[in-house]
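In terms of this note's numbering, the sequence shown has 708 at position 709, counting the first letter as 1, and numbering is strictly consecutive.
Don't take each hint at face value.
Think about it this way: if two alpha-carbon atoms lie no more than 35 Å apart in a straight line, the pair counts; the simulated DSBU-like pairs of lysine-lysine are [to be verified]:
#1 424 / 538
#2 259 / 16
#3 442 / 430
#4 399 / 507
#5 486 / 319
#6 399 / 322
#7 507 / 322
#8 399 / 424
#9 424 / 442
#10 269 / 228
#11 486 / 430
#12 319 / 442
#13 319 / 259
#14 319 / 269
#15 399 / 569
#16 228 / 98
#17 438 / 424
#18 549 / 569
#19 625 / 569
Ranges of calculated distance between the beta carbons of each label pair, as one might list FRET restraints [claimed, not checked]:
#20 446 / 285: 39 to 47 Å
#21 325 / 101: 32 to 40 Å
#22 110 / 325: 44 to 52 Å
Keep in mind the hints are simulated off the structure, nothing from the lab.
Predicted model only: the values in this text are computed from it and were never measured.
Just so it is clear, CB atoms sit at the ideal spot from N, CA and C, and this is done for glycine as well.
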Amino acid sequence: VYESFDEAENWKFFANKPITQFYKVTVDYDEPYYNIYGGTQDNNTQGGPSRTDNVHGIRKSDWYVTVFADGHQSAADPTNPDIIYSEWQQGNLVRWDRKTGEIVYIQPQPEADEESERFNWDAPILISPHDSSRLYFASQRVWRSDNRGDSWTAISGDLSHDRDRMTLPMMGRVWSYDSAWDLMAMSQFGTITSLSESPVVEGLLYAGTDDGRIHVSDNGGENWRAIDKLPGVPEGCFVNDVKADLHNADPGYVVVDDHKSGDFSPYILKSTNRGQNWRNIGAGLPERHVAWRLVQDHINPALLFAATEFGVFFTIDSEKWTKLAGGSPNMSFRDLAIQKRENDLVAASFGRSFYVLDDYTPLRSVTAQNLASDTMLFPVRDALWYLPRMPLGEFKTGGKASQGDAYYVADNPPFGAVITYYLPKTIQTSKEQRREREKEIEKQGGNTPYPGWDALRAEDTEEEPAVVLTIRDSSGGVVRKLEGPAKAGFHRVAWDLRYPESSPWTDKPQDNYIVFTGPLAAPGDYTVSLATRVNGALKDTGLQSAINVKLMRQNSLATANTTEVVEFGKRLDTLMREGNGANAAMNALLAELAAVKQTLMRAGTEGSLRAQVRALELEVLDLQLKLSGDENRDMAGDSGPVSISRRINVAQMGTSFSSYGPTPTHERSLEIAEKDFAAIRTALKQIFDTELPALRKAMDDAGVPWTPGRGVPGKS
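Take these sequences, add in the hints, and give me the full structure.
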């Protein structure tokens, strides 16, 4: 989307809309985060990270172009993430070097006595699962390279029907040469559209065409067997995808469509004998859902994913297909790829860019039976331990800093350990249970009697149900407790690898410029257990899963070990918790004393009580000065004596944005703060344990009306 204010002389581009049309998608195996590549409609072939290590997310500046023009299918070398194969329409293939940004044109060429090749608009490129230097590419015939595209050998003849499309009927008749043809910018016809090689049997190849043919070779292309008819599928259909089974030698899959003839049915077929026989496994998909792509899980052979014109579906039995919602719109997904190391499903949409389903491993173990009856806690993917970057200068978690809303960032996956659980039924309150029973009775026209005041009162005072996830360290100590939804279905909750945040309770939302959280937990082994809380009662389900937190990177300079980093963080957090709590307690006490002074005046009982209150107030203000400093003096640029809060702040600022560990400066600042706060703690203990209770008793004895902090008025 562009906008012009000067009659189209200059244009402003709206960069905050993720509306790219991706034809295809592929992924690499870069560390620590893999990259996603895809060809776009009229907007080059692009690549970028699946996630970043900064708090803002994935910026447009993190993305790059691998080759110009219309982008189409890409392939990423699984052994070298710097080598990417990209193409523009009609088979113009290049090899792109990420380090240099250079491209080498590597399209296979006919020999001197041969005619021009016919390449599909989106010609298929395949890296052999047996050798990353071996490529397969296709025009009307299959080509093979054993040196990453530097040279090619044709390993088949023309695998299409080789029909002249200008002689074929269209819209019920054959048309004149002088009709409105537009073949120059269209895909050529009689071309190969898809390729696959079995990862189980080297040289077992599949090829599909745009005119309804499938070929199978058992010997690396020396011989090919044609399949011209699929059961229940119109002749001449377009082969969108062909796949060899990842686990067994003989099964294969094909996805075809005939939408150009007005047939929008999803056709997904499976063969168990290398294409000799086929059966339809797409019958469970909705009608008029053109199918574009099929991928198979690399662990569970029964788990399949299909990209269709209206969404992504999965099946665990090749009969029932379930749509994956996950926040994605109802739209066309043209391609799918699985990043095997991370177990991520990456989808290319035709109009809303890329979508990633992070860690789909829970789908491997589900069955119709346990979905109906079992609460499940799934394995947790390894969590990387690091501190996110802040390249935009934003202290708060996430956000676009000062870039404004025209600046686009895509969300990163949640930081830390992502915990997945499933509830077969919503955990209901007693009121929800009653209404559910009543609705069934109402459907039959029966009576729904009044339950009684005691029952209604119990409903009103009932707590909302929740799922409670408890993180424990290797010794069984509780590190963190997290709440999750209690609704039926799959849920994900992220543990940010930190201990609880220990700031004092407040009824007002905090909008601090710098947001600090709890101290980091150390890399290592943890567990998560699942319990349910119903009306305040916690019930353990017995479900538990391991969490492995591992270090992502080392600092450039020599550093403290992670145990020292974490222990200093916990020590600092203890003092912050006590110091912030002391300050909050003093603020609450000052508010209470102000209310007491007003009440004493109203009650006409000032006298010695008023003097006692004032003396206590001044004592608290003096302690607060030592703890927090003089705000007025700070504003005047003359801070005076160093406050305890400043000592804490030095240790906090020095270590909260780095895993380097505390320097001697940070250690000394915390040591001084701990020593000085000990005196504050002793004085406050005297105030709250002795002086304040005595004051409250004196007010009760004097018949002073109730003030904040006191219990039920009256003489003891």
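Checked hints:
1. 424 / 538: holds, 16 Å
2. 259 / 16: Holds, because 30 Å separates the two Cα atoms, which is no more than 35 Å.
3. 442 / 430: Holds. Residue 442 to residue 430 sits at ~18 Å (cutoff 35 Å).
4. 399 / 507: holds, 25 Å
5. 486 / 319: holds, 23 Å
6. 399 / 322: holds, 33 Å
7. 507 / 322: violated, 42 Å
8. 399 / 424: The hint is violated at about 39 Å.
9. 424 / 442: This hinted pair holds, its Cα atoms lying about 22 Å apart.
10. 269 / 228: holds, 14 Å
11. 486 / 430: holds, 15 Å
12. 319 / 442: holds, 30 Å
13. 319 / 259: This hinted pair holds, its Cα atoms lying about 27 Å apart.
14. 319 / 269: holds, 15 Å
15. 399 / 569: holds, 30 Å
16. 228 / 98: Distance of about 46 Å is beyond 35 Å: violated.
17. 438 / 424: holds, 17 Å
18. 549 / 569: Holds - the C-alpha atoms of residue 569 and residue 549 are around 19 Å apart, at most 35 Å.
19. 625 / 569: The given pair, whose Cα atoms are some 23 Å apart, holds under the 35 Å limit.
20. 446 / 285: 39 to 47 Å: holds, 41 Å
21. 325 / 101: 32 to 40 Å: holds, 38 Å
22. 110 / 325: 44 to 52 Å: Holds - the Cβ-Cβ distance for residue 110 and residue 325, about 50 Å, lies within 44 to 52 Å.
Of the numbered hints stated above, those contradicted by the structure are hints 7, 8 and 16, listed in ascending order.
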